[in-house]
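All chains, full assembly: derive it from the sequences and hints.
Protein chains in written order, with numbering that gives the first Met the number 0: chain W, 0 to 151; chain S, 0 to 151.
Heads up, some of the hints might be wrong.
It does not matter which identical chain is used: a pair holds within one copy or between any two.
[Stated by the list, open to error] Capping the alpha-carbon separation at 25 Å, the derived lysine-lysine pairs in DSS-like fashion look like this:
1) K151 - K136
2) K28 - K51
3) K126 - K10
4) K10 - K47
5) K47 - K94
Since the hints were made in silico from the structure, they are not lab data.
Protein chains: 2
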Amino acid sequence: MELVSSVEMVKGSETSIIRFMQSSDEVYKGFGEAYFSLVPCGVERYWKIHKKATCNILVPCGRVVFVVAEYDFSSWRFVELGEEPQKRLTIPPMKWYGFQGLGDAGSIIANIIDIRHQDEEVDAEQKELMLNVPKAKVLWLERTIKDPVLWK
Amino acid sequence: MELVSSVEMVKGSETSIIRFMQSSDEVYKGFGEAYFSLVPCGVERYWKIHKKATCNILVPCGRVVFVVAEYDFSSWRFVELGEEPQKRLTIPPMKWYGFQGLGDAGSIIANIIDIRHQDEEVDAEQKELMLNVPKAKVLWLERTIKDPVLWK
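As structure tokens, this is what we get:
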């Protein structure tokens with residue numbers, strides 16, 4: 000499955016519309032919940048993983064850089080969202096991810112996931128899975144995301 | 000069905016989360032599509048109606064005032080979204096609605112609807128339905144929404 004996909008943006012004379020997701024989209028796996036994360040500029044969050052859930056992410060306001068890595072950190076990708084053309088990031092289960100807010104006035108991450116958070120109860124498991132990751136590579140990614148020259 | 004409902008907001012030390020909707024919520028009627036409307040300050044949009052679809056609306060960025068009216072304009076309600084505590088507006092089928100953007104730096108309307116737009120094909124029908132509404136009352140509501148003293 001493609002990790003980053005285009006979304007339709009319809010520009011009117013005054014208002015514009017960004018189509019986040021339709022039930023017919025290939026990346027749509029069902030609806031568990033939708034939430035927004037409000038991220039001040041410079042704030043970072045690492046590392047999250049879902050054992051069963053697929054996330055579909057869009058940044059309608061501000062800018063955010065994400066890093067998505069394979070479970071064993073054998074490969075990774077940096078994805079910047081929030082600028083035109085608007086893109087959608089799909090994170091399948093068992094991928095590690097983190098992000099840093101880049102928008103000066105703060106950013107908003109919109110997330111549609113196919114399983115309700117409380118139905119997955121991942122928090123304790125995430126900590127346990129994190130014990131097995133290659134620490135040096137993880138720290139290198141956390142440093143790299145701070146410097147756009149390295150990941151752009 | 001309640002038209003305005005509370006949504007959970009989880010405030011962290013740096014990031015905060017607004018839970019827009021869960022599949023277990025009473026107002027959740029299914030997932031057709033999710034989209035964002037970008038609304039500059041002062042911009043107004045009237046009148047929209049869905050024959051079959053239910054809209055669930057939240058304003059994660061900026062402020063927007065909505066007016067929701069019965070099909071025959073026998074009653075109406077003004078609802079302001081975007082300030083804390085965050086609220087969600089549910090618009091059932093066959094209600095007229097419109098909005099005005101109030102956020103100085105623009106506002107974002109997030110909308111989850113239970114039917115894909117192209118599956119409903121409402122645009123032509125909206126214009127036809129609009130022919131039957133009481134024009135004087137409609138104009139009065141469009142004037143009233145411009146003045147917070149009147150609808151607050």
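Hints, one by one, checked against the model:
1. Proximity of K151 to K136 under the C-alpha cut-off of 25 Å is restricted to the intra-copy arrangement: shortest distance 18 Å within a copy versus 54 Å between copies.
2. Both within a single protomer and between protomers do K28 and K51 lie at most 25 Å apart by alpha-carbon distance, with minima of 11 Å and 23 Å respectively.
3. Taking CA atoms no more than 25 Å apart as the test, K126 paired with K10 passes between copies only; the shortest distance there is 21 Å, against 43 Å inside one copy.
4. Within a single copy, K10 and K47 get their C-alpha atoms only as close as 34 Å, which misses the 25 Å cut-off; across copies the closest is 18 Å, which meets it.
5. In this assembly of identical chains, the alpha carbons of K47 and K94 lie at most 25 Å apart only when taken from the same copy (8 Å versus 41 Å across copies).
Every hint from the earlier list agrees with this structure, and none is contradicted.
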